[in-house]
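Below, each chain spelled out in residue letters.
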Amino acid sequence: MRIPLSALIGLALTGTFLFVAIFTQWLAPYAIDDTTGGQWEGFSRMHLLGTDTIGRDILSRLIYGAQVTIFVALASSILAFSLGAFLGFFAATSGGWVDQILSRFVDLVMAVPSLIVALVILSVLPLNLTVLILVIGLLDSTRVFRLSRAVAVDITVMDYVEAAKLRGEKGTWIIFREILPNALSPLVAEFGLRFIFAVLFISTLSFLGLGIQPPLSDWGGMVKENKDGLIYGKSAAMLPAAAIAALAISVNLVADWILTRTSSLKGGRGG
Amino acid sequence: MHPVLKLVTQRLALGLLLLLAVSVVIFLGVEALPGDTAQAILGQSATPQALANLREQMGLNEPPLTRYFSWLGGILTGDLGTALTNGADIAQSIKQRLGNTLFLAGCAAVISVPLAIVLGLIAARYAGRWPDKLISGVTLTTISLPEFVAAYFVIFLLTQLIPIFQPVAMVLPGMGFWAKLNAVALPVIVLVMVVLAHMMRMTRAAILNVMQSAYIETAELKGLSPMTVIWRHAFPNAIAPVVSVVMLNLAYLVVGVVVVEVVFSYNALGQYLVDHVTKRDLPVVQAVGLIFAAVYIFLNMLADIIGILANPRLRHPK
Amino acid sequence: MADNILLQIKGLVIGATSYPPGEPPKEVTLVHGVDLTLKRGRVLGLIGESGAGKSTIGLSAMSYGRGGVRLTAGTIHLNGREIRLADARALRSLRGREVTYVSQSAAASFNPAKQIMEQVIETCLSHGLASKPEAEARAVALFRKLGLPSPETIGNRYPHQVSGGQLQRCMTAMALCPKPDLVIFDEPTTALDVTTQIDVLAAIKEAIRDTGVAALYITHDLAVVAQVADEIMVLRHGRMVELGETGQIIKAPVQDYTKALVSVRSLDHVEKAPAAPILQVQNVTARYRGTSFDVLKNVTVDLPAGQTLAVVGESGSGKSTLARAITGLLPPSQGRITFAGRTLSADLAGRSKDDLREVQMIYQMADTAMNPRQTVGTIIGRPLELYFNLKGAERDLRVQELLDHIEMGKGFAARYPAELSGGQKQRVCIARALAAKPKLIICDEVTSALDPLVADGILKLLLALQAETQMAYLFITHDLATVRAISDKIAVMFKGAVVRYGQKSDVLSPPYDDYTDLLLSSVPEMEQGWLESVIAHRKMESAGN
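Chains as they are written, first to last, in the numbering used here: chain A, 1 to 271; chain B, 1 to 318; chain C, 1 to 545.
One or more of the hints may lead you astray.
Pairwise CB distance ranges (calculated) [to be verified]:
#	chain 1	residue 1	chain 2	residue 2	range
1	B	Pro-3	C	Lys-539	32 to 42 Å
2	A	Pro-4	C	Gly-350	45 to 55 Å
3	B	Leu-17	A	Phe-23	44 to 54 Å
4	B	Leu-17	C	Thr-291	26 to 36 Å
In case anyone wonders, no lab produced these hints; they're calculated from the structure. Backbone N, C-alpha and C fix where the C-beta goes; we use that ideal spot for every residue, glycine too.
Please model the entire structure based on the sequences and the hints provided.
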């Protein structure tokens with residue numbers, strides 16, 4: 001199998017980000033809250049990427065930020081995914097009123113932009129990691145629900161599923177042997193997209209001051225802390241911004257590749 | 001009743017129903033969450049007496065349904081209540097800021113809609129060739145960025161590297177139209193960038209979809225010129241999907257505007273919302289949230305209705 | 001007589017780029033050097049199976065390549081001018097004026113947003129061939145000639161407001177309106193029901209004769225093309241196999257491939273004597289949930305063990321619904337189904353394992369009937385596991401036996417469905433049904449999606465298997481040639497009811513009821529003049545009434 005260059009770049013970058021997120025404690029040169037320099041110092045041997053608004057090492061904070069950002073995004077997309085896919089399959093295979101109630105509720109939640117819903121909810125709830133993960137995960141699970149329900153409905157009407165029913169197969173065989181293998185690839189690609197969405201979402205919330213709270217810090221929060229520097233020509237805010245962009249784009253490249261691989265498999269070699 | 005009229009009426013009714021359901025969620029759903037507004041305002045050190053007083057004063061001791069209906073009744077008569085934090089009249093505060101938000105979103109829409117359609121047409125016309133690849137590549141990148149990151153890239157570029165703009169957008173009452181326009185240039189550029197990418201990609205897909213229809217081949221085999229084919233055969237069928245794309249993205253603009261206003265400290269509705277979320281001022285959040293939701297639902301409904309009106313099968317039933 | 005020649009193609013090579021997944025794009029050749037000459041006013045039939053390149057060659061007469069197809073080499077002369085290398089402007093002036101096109105699906109080829117008249121006269125106006133009133137008068141005359149109802153006003157309708165057969169005639173009118181020298185008919189009747197096809201075919205033939213236009217008539221059905229063409233060119237894999245006058249091709253074909261095509265529908269089967277039934281369908285009435293319309297009306301048929309009952313009808317006749325009722329997918333609202341002496345539960349859930357095992361089903365689209373993520377071995381092996389508890393080597397051995405049975409060799413067990421040809425896929429589906437050792441197989445249009453020669457092979461296989469294992473077949477089809485080839489008994493269905501039922505020889509001999517008569521007389525026969533005699537016969541009858 002040949003992997004296109006864009007996907008290779010995406011895989012390599014995604015891998016690097018994951019590596020950094022896992023081995024944070026060994027990689028970061030300074031502790032997250034150590035004030036080791038002056039305000040907005042430039043690049044130097046001491047501070048490879050300079051210092052931030054109160055003199056902390058930006059590289060170290062970026063590395064710690066990677067951990068927080070990726071952890072929250074991963075946790076909420078896993079939540080979104082397991083919940084959304086489970087309910088989506090459940091709705092598609094049960095049909096009837098179960099499907100109706102679930103689908104109409106999802107329609108309702110999706111009728112309002114996620115950011116607005118999140119802002120309304122976060123105005124009452126305490127801002128901590130659990131709440132953030134739950135809010136992002138639950139909001140995002142509506143999209144996973146729609147996709148997995150649609151995919152499953154498409155598959156359940158296929159003749160081979162009917163043939164399995166006529167053969168006398170049990171429900172578990174039909175879901176796990178007939179439907180799931182055919183639904184897996186689009187769902188895997190969707191996982192990538194949901195992860196990006198979660199990264200962008202948590203970064204945006206943190207930037208608005210409604211996400212990760214100090215002493216923890218993620219990339220969105222770092223942009224917020226350092227944004228005033230831009231007026232004085234200090235580029236400290238651009239580094240976390242670039243990190244967000246790089247992570248989002250690299251995961252996008254991988255997801256895109258998985259998606260095209262899936263669709264070409266569908267056509268088959270004979271087609 | 002004519003089927004089109006029936007469908008449009010149905011869609012309108014559905015929109016209203018949806019809006020009502022959303023208002024229930026925004027009011028009752030949020031109140032049901034484990035958080036205490038009175039506690040949030042007074043902080044952890046408040047005496048139980050002060051808490052009870054505040055609850056009484058805010059009417060928090062009434063049953064939720066009663067409070068919901070008085071809230072809804074207030075909204076319908078233009079009375080949005082007062083802010084918890086400073087006691088200001090919410091309707092008044094919103095009125096001052098709504099204009100600014102609409103001005104910003106309007107400018108972005110006026111630029112991005114025609115641009116997106118033209119770029120989408122170009123990309124579709126040269127599908128698979130370099131103009132398409134270039135446009136698609138650039139837009140794929142901007143889609144991957146959150147609004148505030150895009151905003152800082154633009155600020156960094158246009159105020160530091162090529163300093164032609166001010167990084168803060170201040171619109172003051174009494175400013176002339178051109179002065180206002182100049183002040184919002186940067187946020188508009190950012191919004192255009194963010195919305196344009198989505199809108200252009202969806203426009204391209206919609207047009208390509210029409211161009212691949214068999215009736216386009218029929219038109220080509222009639223020996224019609226490419227412009228005639230596009231104008232007479234592709235365009236009438238592409239209107240509905242393209243307009244629907246535009247509407248959906250204008251709805252997307254509603255969200256983008258919140259973040260961009262914060263980035264540029266632009267005194268408008270989005271900034272107002274975020275401020276009061278931070279201050280946990282629930283009445284303000286609920287009112288503004290409902291306004292954003294209403295605009296979003298309205299634009300989506302409009303997209304559906306235009307789709308219905310443009311469908312010849314529905315307009316000319318058997 | 002050189003100026004009598006309208007179209008002359010020499011050494012035409014047509015190529016395209018294919019994009020196999022996971023591999024670099026590669027160049028493929030669709031047509032390898034084909035020569036063709038068409039005189040004014042003559043009709044040439046292009047015939048072949050899928051992949052023969054017949055549509056591609058047809059469109060080359062307009063110097064048009066569909067979807068990235070390129071006319072790589074050779075010359076195409078139309079009215080004496082070379083057009084393969086002509087520029088866009090020259091092509092625009094000839095397309096629609098000198099050559100026009102009628103596609104298989106008029107429903108997709110008409111712009112849904114515009115009235116029919118506007119589209120029919122568009123070519124005349126854009127090429128300046130006639131004024132608007134003149135063009136409209138021409139169109140109305142053509143509508144009348146083509147037998148369209150209310151020719152004066154049908155042009156004001158939108159495409160979705162007229163039926164499929166009418167729209168196909170409107171497209172013919174659109175092609176003839178600018179008075180072209182050449183019309184390309186690309187399978188114009190293939191998508192229609194057989195009783196509609198004959199009317200459209202007759203209309204097209206009459207229009208061709210009256211206007212004196214030349215035509216390229218592309219189809220996969222030799223009997224259809226024999227009705228309209230003066231000459232026939234047989235194509236296979238992008239090469240010419242045989243070219244000749246229509247009479248010669250259908251009566252005295254030279255090449256083996258042509259002989260096979262000619263004899264393909266003449267498979268005949270000697271009916272077996274009546275015997276005790278294994279399946280009895282008694283007074284079955286059914287409707288889909290949430291509807292108030294019976295799709296099956298009081299259907300009673302039975303099927304003896306080891307024999308074949310053909311259920312024949314057009315789209316919407318309820319023939320596939322009957323299969324769903326028998327399998328338990330659509331529980332009947334009334335009536336009873338008995339199988340091998342026991343009454344079957346109406347609902348699938350109430351049936352025993354043996355009930356399920358003994359009734360197997362084969363589908364029209366083998367593609368969607370097999371899970372694309374399972375190997376052939378898994379697909380055939382699963383019933384063995386489920387019904388007979390065969391595992392491991394024992395199961396693999398039996399899978400190979402079954403593969404041998406359906407004339408597929410070693411190595412297929414490890415392949416995926418996407419790696420098989422259309423005929424092979426259908427064979428695997430047959431093997432899957434065989435694996436259950438059924439007493440009855442329901443075959444739902446199992447040969448309709450296949451090329452005629454491949455379909456023939458499948459029918460022969462099914463007959464051989466029946467002789468060997470004494471299985472009964474319930475064979476659902478719209479194709480009467482298939483019915484002749486395989487059935488012992490026949491049930492003709494129309495609008496949900498059985499209108500004629502009995503032994504094959506009885507059903508297929510007169511006196512007929514009206515619908516069966518219409519159906520039988522509409523099936524094109526492989527002889528010239530058949531169309532005219534049928535139409536003349538029908539006119540006489542309607543005059544007599």
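Inset, instruction - Against the earlier hints, flag every one the structure doesn't satisfy and list their numbers going up. - result: none
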